[in-house]
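Next come the chains, spelled out residue by residue.
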Amino acid sequence: MPSEKKLKAKNITVGFEIPALVKESLTIQDLVEWCGVENDYLNIHYDKVAAQKEGLPDCLVQGTYKLCLLGRMITDWLGESGNLISISVRYTGMDFPGSTLTCRGKINSITNQKDSRIFNLVIWVVNEKGDKTAEGKASILIK
Amino acid sequence: MYDLAAKFKKYLESTLSPGLIKIEEGAVLRFINSLYDTNLRSLSDVKHRVKGKYIVPPLFIITFDRERRPSFDTKYGKGAVNLGNEYEFFKPMYVGDVISYTKKLAKFKLGEGKLGKNIVYTIETIFKNQKRQKVAVSRWTTMVFQ
Chain E
11 MPSEKKLKAK NITVGFEIPA LVKESLTIQD LVEWCGVEND YLNIHYDKVA
61 AQKEGLPDCL VQGTYKLCLL GRMITDWLGE SGNLISISVR YTGMDFPGST
111 LTCRGKINSI TNQKDSRIFN LVIWVVNEKG DKTAEGKASI LIK
Chain F
233 MYDLAAKFKK YLESTLSPGL IKIEEGAVLR FINSLYDTNL RSLSDVKHRV
283 KGKYIVPPLF IITFDRERRP SFDTKYGKGA VNLGNEYEFF KPMYVGDVIS
333 YTKKLAKFKL GEGKLGKNIV YTIETIFKNQ KRQKVAVSRW TTMVFQ
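Chains as they are written, first to last, in the numbering used here: chain E, 11 to 153; chain F, 233 to 378.
For the record, the hints were derived by calculation from the structure and aren't laboratory data. The beta carbon of each residue, even a glycine, is placed where N, CA and C say it ideally should be. A couple of the hints might just be wrong.
Claimed, not checked - Stretch-level coverage of chain E by chain F, calculated; a stretch enters the list once three of its residues show a Cβ under 8 Å from a Cβ in chain F:
id, region
1, 41 to 52
2, 73 to 87
3, 90 to 96
4, 99 to 107
Unchecked claim - Derived pair list, reagent style DSS-like, types lysine-lysine, alpha-carbon separation capped at 25 Å:
id, chain 1, residue 1, chain 2, residue 2
5, E, Lys-16, F, Lys-323
6, F, Lys-285, E, Lys-153
7, E, Lys-142, F, Lys-346
8, F, Lys-310, F, Lys-242
9, F, Lys-323, E, Lys-15
10, E, Lys-58, F, Lys-346
11, F, Lys-341, F, Lys-241
12, E, Lys-58, F, Lys-310
13, E, Lys-63, F, Lys-310
14, E, Lys-139, F, Lys-366
15, E, Lys-153, F, Lys-366
16, F, Lys-285, E, Lys-16
17, F, Lys-360, E, Lys-147
18, E, Lys-147, F, Lys-336
19, F, Lys-323, E, Lys-18
20, F, Lys-323, E, Lys-153
21, E, Lys-124, F, Lys-366
22, E, Lys-139, E, Lys-20
23, F, Lys-349, E, Lys-63
24, E, Lys-15, F, Lys-285
25, F, Lys-335, E, Lys-147
26, F, Lys-346, E, Lys-63
27, F, Lys-323, E, Lys-124
28, E, Lys-147, F, Lys-285
29, F, Lys-341, E, Lys-147
30, E, Lys-124, E, Lys-147
31, F, Lys-323, E, Lys-147
32, F, Lys-366, E, Lys-147
The whole structure should be built from the sequences, with the hints applied where relevant.
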């Protein structure tokens, strides 16, 4: 859940890595649950036969799930100290049930504004094989 | 596929199926429980509140404007891949807010890859709250292949 600790903008510098978020051994249940959350029941996400018919080895983890895990990583760290103002992700690889996903983020640049600071991050997801399966950027504002 | 390209060209920059959604506590709880592996039964367990109203996680907006589809609609091609998602947030959203959205086909490109001929397109959606304030913009990029 979001941290209650107040972050101090002056302590955050370029290169700082925010706490990683690890989602251990994804299950079909996780994917089905996400289908319900999104109202998108595309069968390749929960029916192995349908997924294999499409040439996939197994059910496919939704890209949006990885995006939201990355969002959670940022907002958990940020707590009430600031706001997520943008996030964008490209999906560069596929993940399947059994995968362990690790979300990571690093401060890439900082923009000073009149009464706040914008921190730009590079973010990514790496699976248990070490493959980067999503990467992107995000910006947060801390007052 | 190239007939499809003509169709895409026709829709470029025009507004597509606007919609309206009220943010309900149950839907927010399902979003949080799914992401956090929790079993919260009430948002009273969630601390993020402003003037008594619960702030909705910004990416909850991903649940809006989704289609209930059991399988890919083959009239659009053989299959589709979600290439990427982009979100900008301008205002917080609260449980009870009524969010309206309009979307448009922002751009598309014909291409050819490992899976054959394809179209890569981006749908841009603008979300506004009941006060007509822009709360977010999303851009979804999808590749449809033949």
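*asked:* For a C-alpha distance cap of 25 Å, please report whether Lys-285 (chain F) and Lys-16 (chain E) respect it.
replied: Holds, at roughly 21 Å.
*Is Lys-323 (chain F) within 25 Å of Lys-124 (chain E), Cα to Cα?*
holds, 19 Å
*Take a quick look at whether Lys-153 (chain E) and Lys-366 (chain F) sit within 25 Å of each other, Cα to Cα.*
OK: Lys-153 (chain E) and Lys-366 (chain F) at ~21 Å, within 25 Å.
*Lys-360 (chain F) and Lys-147 (chain E): Cα distance at most 25 Å?*
Holds: Lys-360 (chain F) and Lys-147 (chain E) sit about 24 Å apart, inside 25 Å.
_For Lys-147 (chain E) and Lys-336 (chain F), compute the direct alpha-carbon distance and say whether it is at most 25 Å._
holds, 24 Å
*Taking only the CA atoms, is the gap from Lys-323 (chain F) to Lys-147 (chain E) under or equal to 25 Å?*
The given pair, whose Cα atoms are some 20 Å apart, holds under the 25 Å limit.
_Lys-323 (chain F) and Lys-18 (chain E) were given as a pair; does the straight-line alpha-carbon distance stay at or below 25 Å?_
Judged against 25 Å, a Cα distance of about 22 Å means the pair holds.
*asked:* Tell me if the straight-line CA distance from Lys-285 (chain F) to Lys-153 (chain E) falls inside 25 Å.
replied: holds, 21 Å
*Within 25 Å, alpha carbon to alpha carbon, are Lys-323 (chain F) and Lys-15 (chain E)?*
holds, 23 Å
*Measure nothing beyond the straight line between the CA atoms of Lys-58 (chain E) and Lys-346 (chain F); if it is 25 Å or shorter, mark the hint as holding.*
The hint holds at about 23 Å.
_For Lys-16 (chain E) and Lys-323 (chain F), compute the direct alpha-carbon distance and say whether it is at most 25 Å._
Judged against 25 Å, a Cα distance of about 21 Å means the pair holds.
*Sort out whether Lys-20 (chain E) lies within 25 Å of Lys-139 (chain E), counting only the CA atoms.*
Violated, at about 36 Å.
In the structure shown, a violation is registered for the earlier hints numbered 14, 22, 28, in ascending order.
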